[in-house]
Structure formats: structure tokens, C-alpha cells
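Protein chains: 2
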Amino acid sequence: MDTWTSHNLDEAMTRIADDITCDAPGARISGTQQYRDFLGRFMVELTGVETAAVFGDDTTAVLFYYPHTANVSDAPTAECFTVIGGKITRSVLVFDRPSFAPPQR
Amino acid sequence: MDTWTSHNLDEAMTRIADDITCDAPGARISGTQQYRDFLGRFMVELTGVETAAVFGDDTTAVLFYYPHTANVSDAPTAECFTVIGGKITRSVLVFDRPSFAPPQR
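Listed in order, the protein sequences are those of chains A and B.
Numbering follows this note's numbering, in which position 69 of the first sequence is assigned residue number 69; successive positions increment by one, without gaps.
Counting the second sequence from 1 gives a position; this note's numbering is that position plus 1000.
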């Protein structure tokens, strides 16, 4: 989480397996290049992160957090990681797309 | 979770504190009557639940699951409960509303 908010994409990617798959709302991401692009787009929107809950065991980690962006800070996001050999091989990401939509003008 | 899929709303509500608050996508629910109405509407849509991850400690429980409805079974939902004195006092519910929208005809 510190890695994300420090906007250090290279450091974040060291924890990601080559065959990463990520299910995100409306998107299925496969492989490190797609994941890096996805994570990079997320990071540049991020002004901070408020962590609500973190749990895990040897193979699974679950995060609950509030990403802070320029417009939104009260919409929760949850992520369930599968970890094999110390690397994240699968991520299931849940957030409500409408809650993060740009404000209507 | 078994309680939900058995559609036993009375049983489910025994675990809910009188002053429950629930933040759901696009909705803030307060008190047992509102929560009961909300949970009831969810239950009637539910044909099953596939649990992906469950973690918790004395005060917090985090669930990751795939609610199965008539139209959708591959959209994840996450929930973070705060538990005080054995009852759920707060729930933060995350799902992507568009992923559960009825199919376009």
C-alpha cells in the first residue's frame, strides 16, 4: 500500500507474478505488461489511501481501502490477492464504477 | 452466509445490532428496519453464493464472495463488518453496480 501511494510502479511490480491475472470491474487483465499499465493508470489518480482492513494467510490476502483521488475519498475498494511463492498471481478487484465517476457538470 | 442462502431473514437479523449502519454502493442504510428491507431485497435475488475468502478477528470480518443471481454469477462482492459484542454494527459493502445490471435487451 505504501508502494502504491509513493507512486513507485517498479517497486510494486516486483511483487507481481509474470502470469498475473486481475479481474477488475469491466476489465480482465493478463500478464505483467497489461497489469503494469492498469496499475500505472490507477496510481496517477491516487492522492492517498486510507486502509480499512487487511487480512491474509499463506496464500490469500484481502484488502479493504479507500482510494483518495481528486474527486472521491469515500468510496471503498476491496481486493483479494492470491499469492504463490511470494508473488501475486491473481487479483480480484472490486469497486463501484459509478462511485468513482467524475462529478457531473 | 448459509443464513443468507437459506433465505432466513429473521435468523440473519439476530446478528445485527440495533444501530447498524451500512454503506452500500449508492446507499447509506441506518437501523434495523432499513437494513432488513435492504437484506430482504438482496436475498430474493440470490440463487446461491460462492465464497472466495473469509477473514476476521475480534472486531472485524471481511468477506469476499460471488452472489449468484438469475443473470450474474461472476461479479465479486466484498463486505467489511465491524462486530461489537457479537453483533454487526457496521457493514461496508462493495460491488460494481454495472456488473449486476440486468442484461440489455
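Honestly, the hints are just simulated from the structure, not real lab data.
Take the hints with a grain of salt, since some may be wrong.
To be verified - Chain B side only, calculated, beta carbon under 7 Å to chain A, not exhaustive:
# : residue
1 : Val1049
2 : Ala1052
3 : Phe1064
4 : Pro1076
5 : Ala1078
6 : Val1094
7 : Arg1097
8 : Ser1099
For every residue, glycine included, the Cβ atom is placed at its ideal position computed from N, Cα and C.
Do the hints match the structure? See the list:
no.: 1; hint: Val1049; verdict: violated, 15 Å
no.: 2; hint: Ala1052; verdict: holds, 6 Å
no.: 3; hint: Phe1064; verdict: holds, 5 Å
no.: 4; hint: Pro1076; verdict: holds, 5 Å
no.: 5; hint: Ala1078; verdict: holds, 3 Å
no.: 6; hint: Val1094; verdict: holds, 5 Å
no.: 7; hint: Arg1097; verdict: holds, 6 Å
no.: 8; hint: Ser1099; verdict: holds, 6 Å
In the structure shown, a violation is registered for the earlier hint numbered 1 alone.
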